[in-house]
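Protein chains in written order, with the working numbering: chain A, 1358 to 1441; chain B, 1358 to 1441; chain C, 76 to 810; chain D, 276 to 496.
A hint or two may mislead.
Below are the PhoX-like pairs computed for lysine-lysine, each with C-alpha atoms no more than 20 Å apart in a straight line [said to hold, decoys possible]: (1) C:Lys-633 - C:Lys-525; (2) B:Lys-1392 - A:Lys-1397; (3) B:Lys-1397 - D:Lys-277.
To spell it out: a stretch of chain C is covered by chain D in this simulated footprint if at least three of its residues, at any positions, have a beta carbon under 8 Å from a beta carbon of chain D; those stretches are [as the list claims (entries may be wrong)]: (4) 705-718; (5) 780-794.
No lab work stands behind these hints: they were computed from the structure. Here the structure is a predicted model, which is why all the values come from computation and not from measurement. Even glycine gets a Cβ: it sits at the ideal position worked out from N, Cα and C.
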Amino acid sequence: MQARVFVTLKNGVLDPQGKAIENALRGLGHEGVEKVRQGKMFEIELADTDADSARERLQVMCERLLANTVIENYRIEIGGQDAS
Amino acid sequence: MQARVFVTLKNGVLDPQGKAIENALRGLGHEGVEKVRQGKMFEIELADTDADSARERLQVMCERLLANTVIENYRIEIGGQDAS
Amino acid sequence: MSTEPNEIEITPEIVAEHGLTTDEYGRILNAMGRTPNRTELGIFSVMWSEHCSYKSSRVWLKTLPTEAPWVICGPGENAGIIDIGDGDAAIFKMESHNHPSFIEPYQGAATGVGGIMRDVFTMGARPVANMNALRFGSPDHHKTRQLVNGVVAGIGGYGNCMGVPTVGGEVNFDPAYNGNILVNAMCVGLAKTDRIFYSAAAGIGNPVVYVGARTGRDGIHGATLASAEFDDQSEEKRPTVQVGDPFTEKLLLEACLELMATDAIVAIQDMGAAGLTCSSVEMADKGGVGLELDLDKVPQRETGMSAYEIMLSESQERMLMVLEPGREDLARQIFAKWGVEFAIVGHLTDTGRFTLKQGGKVVGDIPVRPLVDDAPSYERPWEPTAPRPALAAADAPAPNDMGDALLQLVGGFDGCSRRWIWEQYDHMVMADTIAWPGGDAALVRVHGTKKALAISTDVTPRYCFADPVEGGRQAVAECWRNITAVGATPLAVTDCLNFGNPERPEIMGQLVGCIEGMGEACTALQFPVISGNVSLYNETNGVGILPTPAIGGVGLLKDADQRTGMAFQAEGESIVLLGETRGHLGQSLYLRDVLGRVEGPPPPVDLARERRTGDIVRGMIRSKLATACHDLSDGGLAVALAEMAIAGGIGATIDLPGTDIAPHAFLFGEDQARYLVTTTQPEVIQSMAEASGVPATVLGRTGGTELTVNKCLTISVEVLRDRHERTLPEHMAGS
Amino acid sequence: MKAAVIVFPGSNCDRDVAVALHQASGTAPAMIWHGDSTLPDLDLVVLPGGFSYGDYLRVGAIAALSPIMQAVRRHAERGGAVFAVCNGFQMACEAGLLPGALMSNAAGKYVCRHVAMRVENTDSPFTGGYDAGQRISIPVAHHDGNYFADDATLDRLEGEGLVAFRYDNDNPNGSCRDIAGILSDNRRVLGMMPHPERAADAALGGTDGAAMFTSMVETLS
Ligand SMILES: Nc1ncnc2c1ncn2[C@@H]1O[C@H](COP(=O)(O)OP(=O)(O)O)[C@@H](O)[C@H]1O
Ligand SMILES: [Mg+2]
């Protein structure tokens, strides 16, 4: 089973990398770029066949490792479908 | 207009980060994790209102800055819709 | 690619795709006694590429001096080795990663650093210092910023993670590098003289072991890419660039060093360019044995890899070893502890052949000797570079304002502070860096001793372009001078010879000329070449780079307390100029940056004078007579004074001696073999110098907050510093 | 003082900090491999700088899951001292030994240089050798030293005197309120980005970090 996890910085947490890219894009002449935030994406292949149990396991993985919930939010997508 | 760009390593390109995460997840007892690849996600706010022209501009940004197409692929999603 | 069968008809097109000429293919047929299969052809093509076989440069490299009583191992192994006393050895080498860095600056530069470190630790040394010599195109070329950003981040990214300090280097900007940047990385390591490891395989039947990262389809044909010219399409072709994994390399380093402390290793060789092919063939050839590999045993990252792909992959962070029989388990345990892949992939044979098996079948079988010995070697036609007419004094007029000219030089792209770069490198990790980037040579202590290694990389490409022989001499002399200026004894060099297309006689002439000059200087200064690397075909659309033979030198300071730096130490000290000033302005930074002209011959290098002056300066430093020391190079006396003032935060007032040299030529001329020292005992310095026939002129004194050259200029040290420091950060921030 | 330095795969300041401790205490600290799950009886545990697990995913995140970190946590819960430098600070935050998180530097670049800092709290086993408000210069070397915590946490840290060091008009990474190092509630765990072990030997360009090691030796023995 294929899953994707998106990890983004919480609102209100400064995103220096996003900011740097924003500036670089403007530097390249892209005037209309108003804001850039950078996040991470994990493409995960699981042995699970059951979507619910997979989602549960992914949630544990996110809480314990993939995201630092002090600063980050996460979102799980299973087989193309949004979850949690 | 809100867009998202996903940048992933091409197939066959070494992904040390993904590998390390994979190992760490297995170390945590998640046996069923078969493969992890890490990618980047950019959430971009554009002044554009026309989806087509936005897509075109994003493509240029990807080619010039957001991705290095020697080793990376990119995918553009506009307002929740997949493109290119 | 993997779907292509191994047994194919070798057409002239396939031969050409592999970068082999018809004549070279004839040699292959001769060596094989039959038509090669695809894997075998691939193996010949990488082994006979410029990068691996040095076919255009070999005859000339042989002319370089490589010996001295302290040289333990000269060119031919993974890196060169010198004896630094007390059973310690310094092991070092420099290598280029030019083409990959142009295509993917971060990963290209990173893997360059990873590769050179492997060359050093494969010989049993712990890497203790990295250096980097970089050449970029014009600062305002549209690609330059991104390239600088990526290359610097990549060098830092790899070295910092490895925990090896990057302690120095050099950078130039010139439009000649617009389409072809140079990224040369040097690594210096330390080992005990009785625990050095070589690559000659021995012991028929002994196991051949693969350790490190798995093999993927990375950079197949990287070695041939490094041997081909760029054109506008190169970016389209987009060869797979390797991604570096410094974490795996760090584990590989620790695991290898742990195994090296045992007696399990017979021979070891890193997998660099041409990966598994080059490493196995070299080990077998050096040991005069055959070697058989079972490709099914090679750890693979991807499925369905063909023999061709496995043999030509340039995946990073891998090593090949021959072990003593019965030591496999010990070795396996060490690698398991560090979490590094370990596999027995073959054994040594008495057949003298390089045999490859896959799926139980023989997929390659080549006699080792001809594969190495029959490699082509060319004496390519060459033309000497025409000498430049001398620059008449009247042709290099004084600036409108001497102070402005000095500011222009200390703030110019070739003269400004490189802090923006080296602050992105961990230059302090290992807690032995006692002289950081920003001085003449870096100094790194031999851990736990009073000894320190001095390291510098140097070359002035514009000199080499104007006169390759003089430029070659000057590169070596400047490196020797930088090491001397911190108080150390220069011992040996590594080089990285970056040139354009050797098939053009004028480029070949540059290579031949530079090597001639380097050789002379190395001989005269007893500064032998113990390792190095050649990078040719650095051209885009037929425009070559400036000839750039980068020299990386290492010296020894037996007592680190005797070192000196270039910063003015105190107010009221005398400033003494050692060496002869003639006011040579040809090819000077002043001529180029202030007058906007690139003309004349470079300054002549008098090697006997160089040696005499350096030896006496070193003595003054070690006896503490000299409180600070700086050699004179780009920008001449004025720039050297400014740098010493900026570094110390102390001003100075000097008078130019009464000579018939125009003041601006005295201040900005780039005559060689000169140093500035500060001292509280100018008379002693002067009489010492005079006794050795070295001119010594007391110019003035340190003190105050301004640099004043009477009748010429007065600038506050703060303004100088500001101009010196501002250029790179501002440019890189895009303002 | 019985001290141990934990060695993670990818640690690279483990030797440097061991040398500084050895110099200050006269005894070499034990070097303990991350794969162990117990610690001997110790006065001090050091989490050293480096790139544990390549700092892949997030700095310090994978190291925080190492078997040894359970033992380090127990040691800290018992009131044992933990000195966490640079990558060690990042791990300590990831492991929950200290509040907050370390994000990538505001300039987006690795930075290695001396920074000016102020000693904010001298009431800990680590900082007792300084005067309150003392200005010192110590090198940093990191890509992710940008300390972040929510305002409530920052207010609490400040209110309870748990900010150990602050950058003194010389913030190299954009950290909140110029924080360079913080203490745990019981002041027995110190996390800091700068490397005092690189400032404990005059030949390395300064000795402003030496007082930390002598202070640890005096109070923890
Ligand atoms: N790429 C670089 N990386 C690290 N340090 C560098 C780099 N380029 C220059 N430096 C440092 O900046 C200082 C000045 O460099 P350079 O002008 O080439 O010195 P010199 O004229 O003495 O050879 C040296 O200490 C050198 O090590
Ligand atoms: Mg110099």
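Between the region 705-718 of chain C and chain D, see if three or more residues pass the 8 Å beta-carbon test, and mark the coverage as holds or violated. violated (count 0)
Checking one constraint from the list: CA of Lys-1397 (chain B) to CA of Lys-277 (chain D), max 20 Å. Satisfied? Violated. Lys-1397 (chain B) to Lys-277 (chain D) sits at ~44 Å, over the 20 Å cutoff.
Taken at face value, is the distance from the CA of Lys-1397 (chain A) to the CA of Lys-1392 (chain B) at most 20 Å? 16 Å, holds
Does Lys-525 (chain C) sit within 20 Å of Lys-633 (chain C), going by the straight-line distance between their CA atoms? Distance ~7 Å between Lys-633 (chain C) and Lys-525 (chain C) Cα, so the pair holds.
Per the coverage rule (Cβ-Cβ under 8 Å, at least three residues), is the region 780-794 of chain C covered by chain D? violated (count 0)
The structure does not agree with the numbered hints 3, 4 and 5 stated previously, though it agrees with the rest.
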